[in-house]
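Make a model of the complete structure from these sequences and hints.
As a plain string of letters, each chain reads:
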Amino acid sequence: MNWFQRLSKTGRMEKELDAELRFHFETQVAEKIQAGMTEAEARRATRLEFGGLEQIKQDCREGRGTLWLVSIVQDLRFGVRILARAPGFSVTAIVVLALGIGVSTLAFSLYNIAALQSIPVRDPATLVRIQRRSPENITPGLPYASIAYYRDNAKSLSAVMATMSAAPMVLNQEEKRVSATFVSSNYFSELGGSAANGRLFDAARDDAGSAPVLILSFRLWQRKFDGDPSIVGKAVHLGGKPATVIGVASEGFASLGTDDPDIWLPLLQHSYFVEGSKPLADPKFEGLIAMWGRLAPGISVPSAARELLLLTNELRKIYPTVIWDHEYIVITPGAHFLSFEGGPGAPPVLALVGLLVFLILAIACANLGGLLMARGADRQREIELRFNLGARKLRVFRQLLTENLLLGSLGSIAALPLSYGVLRLVLVYSNAPAWMSAMPDWRVFLFTSAMGFLAALLFGFLPTLQMVRRKKNRSLWHQFVVCAQVGASCVLLILAGLLVRATLHTLYSDPGFGYEQVLSIDPGMSEHGFASAQAQTYLDQLQNRLRAVPGVTFVSIARVPPLVNTIVMMTSIDVDGRRIMIYPNWVGPEFFQTMRIPLLRGHYFHNGEKNAVILSESLARKRWPTEDPIGKQWEKSNSVVVGVVGNTRAMELNNTDATEIYYPPAADDFPAMSVLVRAAGDPNTLTPAIKAIAGSIDIGLYPTITLLTAGFRKNVSIVEQIAAIISLLASIAIFLAVVGLLGLVSYAVSQRTKEIAIRLALGADRIEIFAAVLRRFAWPVLLGLIAGVAITAGLSQILRRALYGISGLDPISYVGAMAILIGILAAAALLPIRRAFQLDIARTLHSE
Amino acid sequence: MSTPSKFDLPQGTLDLLILRVVALGPIHGYAIAQRIQMISKEVLQIQQGSLYPALHRLENKNFLVAEWGPTETGREAKFYRLTAKGRTQLKTETETWERLTEVVAMILQHPLGEPS
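If you're matching them up, the sequences are chains G and W in order.
In this text, residue positions in the first sequence follow our numbering: the first is 1, and each later residue adds one.
In this text, residue positions in the second sequence follow our numbering: the first is 849, and each later residue adds one.
Derived by calculation from the structure, the hints in this document are not laboratory data.
Here the structure is a predicted model, which is why all the values come from computation and not from measurement.
Take the hints with a grain of salt, since some may be wrong.
[As the list claims (entries may be wrong)] The calculated lysine-lysine pairs, modelled on DSS-like cross-linking and capped at a C-alpha distance of 25 Å, are:
{"no.": "1", "chain 1": "G", "residue 1": "Lys-636", "chain 2": "G", "residue 2": "Lys-610"}
{"no.": "2", "chain 1": "W", "residue 1": "Lys-939", "chain 2": "W", "residue 2": "Lys-889"}
{"no.": "3", "chain 1": "G", "residue 1": "Lys-224", "chain 2": "G", "residue 2": "Lys-610"}
{"no.": "4", "chain 1": "G", "residue 1": "Lys-714", "chain 2": "G", "residue 2": "Lys-241"}
{"no.": "5", "chain 1": "G", "residue 1": "Lys-176", "chain 2": "G", "residue 2": "Lys-714"}
{"no.": "6", "chain 1": "W", "residue 1": "Lys-933", "chain 2": "G", "residue 2": "Lys-9"}
{"no.": "7", "chain 1": "W", "residue 1": "Lys-909", "chain 2": "G", "residue 2": "Lys-9"}
{"no.": "8", "chain 1": "G", "residue 1": "Lys-57", "chain 2": "W", "residue 2": "Lys-909"}
{"no.": "9", "chain 1": "W", "residue 1": "Lys-909", "chain 2": "G", "residue 2": "Lys-32"}
{"no.": "10", "chain 1": "G", "residue 1": "Lys-241", "chain 2": "G", "residue 2": "Lys-176"}
{"no.": "11", "chain 1": "W", "residue 1": "Lys-933", "chain 2": "W", "residue 2": "Lys-909"}
{"no.": "12", "chain 1": "G", "residue 1": "Lys-9", "chain 2": "G", "residue 2": "Lys-57"}
{"no.": "13", "chain 1": "W", "residue 1": "Lys-909", "chain 2": "G", "residue 2": "Lys-15"}
{"no.": "14", "chain 1": "G", "residue 1": "Lys-622", "chain 2": "G", "residue 2": "Lys-636"}
{"no.": "15", "chain 1": "G", "residue 1": "Lys-234", "chain 2": "G", "residue 2": "Lys-224"}
Next comes the structure, spelled out in structure tokens:
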């Protein structure tokens, strides 16, 4: 028998051991009887010879090498019995733990899917993302000229792929646009992708000169073509250009990065689908082409980076204006959904989420510690008995720790389905790629078990130690628990309050501009390679024709139409050493009337006015707090301030102290311009006319028409979602705090039952007793509140930068959260005290 | 019991004796004790408290395997049998023991008072 068999067959082995020794015993007795003893004598003599039967058995068991585990099993069994004996406590404890661990498991699962799991591609370990950097510049993309040069010359890369996301495109004249990504022809074969239907791109067949082709995503194929296999080989119109569908990617195909397009197109055919574009030919092309590579066998990331740096220096000789000074190449793992090197905003958000999640776990543990403590009081007699029967301290400690670990693992087990369910909902709701699965993998299991273990240590270690030491005074730990949970709940409540208030603020306060009746038209000229003069002509024609449409009141051009783009530009100036962040925009003369932004001083731009800027009031006041800004020179430019307009929250809806600067458009800006149209009535009625006009001026363009109200709703819904999540976390925290405080106050009352009874018998005032019990919690609650407020005030600065510009010190949120918390805590305290008042005084005093 | 012939066996010796006795053929615990006692002419008496832990130890080391079977009196008993591994162990242990006793004897037989 091996170790595991010996372990698993403990029952049988016990029986056999017993039978074996019994056989020996009986044989010996029989022999003694044969030798002439009476049976009674023989048994007595044999028993004496045998000595302690139990001792022999124990020695035999030790030989198996499984004893330590068996005793743990005993402890566990005992623990299960203890937990089953108090189902109320056990269920509460497990629910508390499941919530605490579940929230952290959910957060970890999301992080795991996004950043730790490899996407399902062939050989993910050698797949890398390649970006260029310089001390001054960070950009995710590379010029195609560089990519081609690296592809042809780098020996450390066995393959190079390029991807380029396109603006949403019109498919077969349908209203809802589809997202498309241009990819190099080796994209699918390098990633090991398979086709659900037809074929995928083939480097030999799909190049610049061959017939235009496209590949559908499985999702689009189902949605638009009902999964009809005969679509393969048929022609569709994409952006007005005919192209043949050659295949459908399999459902589980994973795109690189966060890209999850409806359609893939050959990068080499870019200038066919986007007329006039030259991303491949023009090394100065400003689009974002991402580069991916496969490390050649045996090549490490640093050695590949070294080789690419050498090639970069060669490249500089060919394209001196394209390659930056001190440019170098950054290589990161490519087979993940997210990699956090890229986004500068990501780490603080990650840290914030981590902190919130840990807070929930800490609250859960602190509360469970309180419950455990209260229970310790009930179990004091049991533990005392075990000590009296000769149990060693360490043994009892181990037994209690085993119970805690049991609770911890039950909590983990309950947390897993909880987190799985929520994660599934999240994935479905967020329209996640099909390969993302809510099923926990080994990392999640490991994390959850570790959390259960950590929780068991956090909630159990100190109370258990005190139980075993049989110390009566546990008030310090109590007070710490109360302080910690009040503080943590406070943080979550205030944050929830801040976010809810921010949402309301966004929804119901004046953003400083009128967006309701405005449409934005983005012709997408820069993607189509329009030159400045050509773009200006187009814009002039478009504006003139739009002005003639009945129901249109104002028309203007703007480089950054409000609420439409998710990416906005920012610049900054330093005033007396303080940095002011500014949203710049390049706008036509009628922009302010179109957006209903009031003119406060000076004048709007005249037609064709140069060297002029208009400031928002907040910026003007920050730059020249006491002087009149009109006529002043703007910073180091040769522009003069000609006007001051009202503040708007156009670029960042939640940021009430946003500042703006407006420039008249320079020649270079025209291809990037959008057109804004203000309608007198319902803007929806104008859409068909506008579409007809925009499409007729240049048939190569497919302008995107967006209602600003739609952009507004989208902005608000993001804020709402985050507020909802934080509110949910806060309600979990409150629930946990209530459970924990109930336990603690029950314990405090049970400790002083006799005292309360005596006082009641002597006719003391109930309110006074109530106050006396609660007084011990006053300080820790106060300290917890102060700590919570301090932490939140710090955190809100991160929130402000990373999520929205809410004022992090909004008094209503703070005071409201504290009031709610104190109210709930008082209510939680009242319950056990009420119970104490109903106690039978005579009986209480008689016991003991 | 005639004489108090109990003396402590050196560490590991009991295991060797058990292996040797079991090598004669399948045998149960009681008979092992009896046989050792008999062969040693009542000099060695194996206590149950040492015998069974040793048997179990040897079984767990896979030197012995056990099977339940009837004795001559018809009772069920646990019979131990030597494994191939046990046989090798017996051989090496025996050799070690012989060399050890030889060496010990050599030293002990060395006449006293003579310089070596």
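Going through the hints against the structure:
no.	hint	in the structure
1	G:Lys-636 x G:Lys-610	holds (16 Å)
2	W:Lys-939 x W:Lys-889	holds (24 Å)
3	G:Lys-224 x G:Lys-610	violated (49 Å)
4	G:Lys-714 x G:Lys-241	violated (31 Å)
5	G:Lys-176 x G:Lys-714	holds (16 Å)
6	W:Lys-933 x G:Lys-9	holds (23 Å)
7	W:Lys-909 x G:Lys-9	holds (17 Å)
8	G:Lys-57 x W:Lys-909	holds (18 Å)
9	W:Lys-909 x G:Lys-32	violated (34 Å)
10	G:Lys-241 x G:Lys-176	holds (17 Å)
11	W:Lys-933 x W:Lys-909	holds (9 Å)
12	G:Lys-9 x G:Lys-57	holds (16 Å)
13	W:Lys-909 x G:Lys-15	holds (21 Å)
14	G:Lys-622 x G:Lys-636	holds (17 Å)
15	G:Lys-234 x G:Lys-224	holds (14 Å)
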